[in-house]
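**Student:** All residue numbers for the sequence shown refer to my numbering, where the first residue is 894 and numbers rise by one.
You may find that some hints are simply not true.
To be verified - Each computed BS3-like pair below joins lysine-lysine, with the alpha-carbon atoms no more than 30 Å apart:
#1 LYS1068 to LYS1057
#2 LYS1032 to LYS1055
#3 LYS998 to LYS1023
Said to hold, decoys possible - Taking CB as the label site, the calculated pair distances span:
#4 THR1053 to ASN1084: 33 to 43 Å
#5 GLY1048 to PRO914: 19 to 29 Å
#6 LYS1055 to ASN1001: 33 to 43 Å
#7 LYS1055 to SER981: 21 to 31 Å
#8 GLN918 to ASN1079: 11 to 21 Å
#9 SER981 to ASN1028: 31 to 41 Å
#10 GLU927 to LYS1051: 36 to 46 Å
#11 LYS913 to LYS1055: 35 to 45 Å
#12 LEU1004 to GLU1058: 33 to 43 Å
#13 GLU999 to GLY1048: 32 to 42 Å
Hint data in this document are derived by calculation from the structure and do not stem from the laboratory. Quantities reported herein were computed from a predicted structural model and do not represent experimental measurements. Built from N, CA and C at the ideal position, the CB exists for glycine as well.
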Amino acid sequence: MRTIFIFVALLSMLTSCASKPPDNQDNICKIFSEKSSWYRLANKSEEKWGAPIHVQMSILRQESSFQNRVKPEREKLFGVIPWKRKSSAFGYTQAIDGTWDWYKKENNKPLASRVNFADAVDFTGWYINKTTSINKISKNDTYNQYLAYHEGHGGYKKGTYKSKEWLIEVARKVKMRADRYDSQLNECENNFSKKFLGIF
894 MRTIFIFVAL LSMLTSCASK PPDNQDNICK IFSEKSSWYR LANKSEEKWG
944 APIHVQMSIL RQESSFQNRV KPEREKLFGV IPWKRKSSAF GYTQAIDGTW
994 DWYKKENNKP LASRVNFADA VDFTGWYINK TTSINKISKN DTYNQYLAYH
1044 EGHGGYKKGT YKSKEWLIEV ARKVKMRADR YDSQLNECEN NFSKKFLGIF
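With the hints as constraints, model all of the structure from the sequences given.
**Tutor:** See the structure below:
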């Protein structure tokens, strides 16, 4: 039984390696139409962690443009030679190794992968929920949720974002996108609920 479980998990990971990002990332209805399982997975995360779908999806869009194997650029040695990457951030979530390990350990998910959308969206909901517990930020407050996501809970508490005007501008964009996603989802969510939730 354990062997079958490991095989299925590995097969899922290998399948997700070739995942193509959605074509129209500005419209959440079109994203969910193209990626047939994503609404169900995002909705499952919302029900589990209380993190709104539009907030989760806007953060993931900002972090990786829904690319499941993206990594930070390499630094240049002497301005020319490719060197170490700026961080261990990876996958849909761009979570660093330590934060991902924390998620896996706390949720008893040793095989969770940053290239798997199911794990990525569950992580995002979990992190938003953590931010609410640790930093007392509403789960609907996309602007501050994103700042805490980017800077970490400790960094947010220290206000490290305050000296980063570029990050504040990014957080504004993430909020605007989440608001747009929310408005779009109000128009189409009924269709996805009927189509997907009754099947799985």
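**Student:** Under the constraints set out in the numbered hints, which ones does this structure not fulfil?
**Tutor:** 9, 13
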